[in-house]
Amino acid sequence: MNTQDEIKYQEALKRVKKIKGFYSHAVVYVIINIMIVIINVQDLDEGESYFQFKNFMTAFFWGIGLVAHGLSVFMPNWIMGQNWEERKIREFMEKEKANKWE
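The UniProt record's numbering numbers the first residue of the sequence shown as 1 and each following residue consecutively.
The hints are simulated quantities; they were obtained by calculation from the structure and are not laboratory data.
Watch out, some of these pointers could steer you wrong.
Stated by the list, open to error - Below, simulated DSS-like cross-link-like pairs (lysine-lysine); rule was C-alpha separation at most 25 Å, straight line:
1) K8 / K88
2) K20 / K8
3) K18 / K97
4) K17 / K97
5) K88 / K18
6) K18 / K8
Unchecked claim - Using C-beta positions, here's what the derived DEER-type ranges look like:
7) Q4 / N33: 29 to 37 Å
8) W62 / K17: 19 to 27 Å
9) K17 / D45: 16 to 24 Å
10) I32 / E6: 51 to 59 Å
11) R15 / D43: 23 to 31 Å
12) I32 / L71: 44 to 52 Å
13) K95 / I7: 34 to 42 Å
14) K88 / M35: 36 to 44 Å
15) K18 / K95: 20 to 28 Å
16) A12 / K88: 18 to 26 Å
17) V37 / E85: 37 to 45 Å
18) F61 / K18: 19 to 27 Å
The beta-carbon is built from N, C-alpha and C at its ideal position, and this holds for glycine as well.
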């Protein structure tokens, strides 16, 4: 495999790992929140409504984090611009090279 193919392969591998990480995060989110719902329903007093904000706080705030994770995985160019990571790597490499020769 030539160098260009190896670079493309490594980029694809990195992307697949990010997607897999997001899906794992989403599955854990669903499982844990189902468990929280079951526990909260069992602890309800008679006549008390389940639909109170305190029962959805974990799902709400964790959901915000899950959405941010999803955006970073599936829409990285939307947040940082196209090829942001590659530009930043080149910038750091150029700074390192400049410092090396000073």
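Right, here's what the structure says about each hint:
Pair hint K8 plus K88 holds up; C-alpha atoms about 18 Å apart against a cutoff of 25 Å. Our distance criterion of 25 Å between C-alpha atoms is met by K20 and K8, whose separation comes to about 18 Å. Restraint check for K18 and K97: the C-alpha separation of about 30 Å exceeds 25 Å, so the hint is violated. Pair hint K17 plus K97 does not hold up; C-alpha atoms about 30 Å apart against a cutoff of 25 Å.
About 19 Å separates the Cα atoms of K88 and K18, which keeps this hinted pair within 25 Å; it holds. With a C-alpha separation of about 15 Å, the suggested pairing of K18 with K8 holds against the 25 Å cut-off. Between Q4 and N33 the beta carbons are some 44 Å apart, a value that contradicts the proposed interval 29 to 37 Å. Between W62 and K17 the beta carbon distance is about 22 Å. The supplied range of 19 to 27 Å therefore holds.
Judged by the Cβ atoms, the range 16 to 24 Å given for K17 and D45 is violated: they are separated by roughly 46 Å. Distance hint check: the CB atoms of I32 and E6 are about 39 Å apart, inconsistent with the given range 51 to 59 Å. With their beta carbons about 42 Å apart, R15 and D43 fall outside the hinted range of 23 to 31 Å. Remark: the range hint 44 to 52 Å for I32 to L71 is contradicted by a beta-carbon distance near 21 Å.
At roughly 22 Å, the beta-carbon separation of K95 and I7 lies outside the given 34 to 42 Å, and the hint is violated. Between K88 and M35 the CB atoms are about 40 Å apart, so this pair conforms to the stated range of 36 to 44 Å. Checked against the given bound of 20 to 28 Å, the beta carbons of K18 and K95, roughly 26 Å apart, stay inside it. For the pair A12 and K88, the supplied restraint of 18 to 26 Å holds, since their beta-carbon distance comes to about 20 Å.
Checked against the hint of 37 to 45 Å, the pair V37 and E85 passes, with Cβ atoms roughly 38 Å apart. Roughly 22 Å separates the CB atoms of F61 and K18, a value that falls within the hinted 19 to 27 Å.
In this structure, the hints that do not hold are numbers 3, 4, 7, 9, 10, 11, 12 and 13, in rising order.
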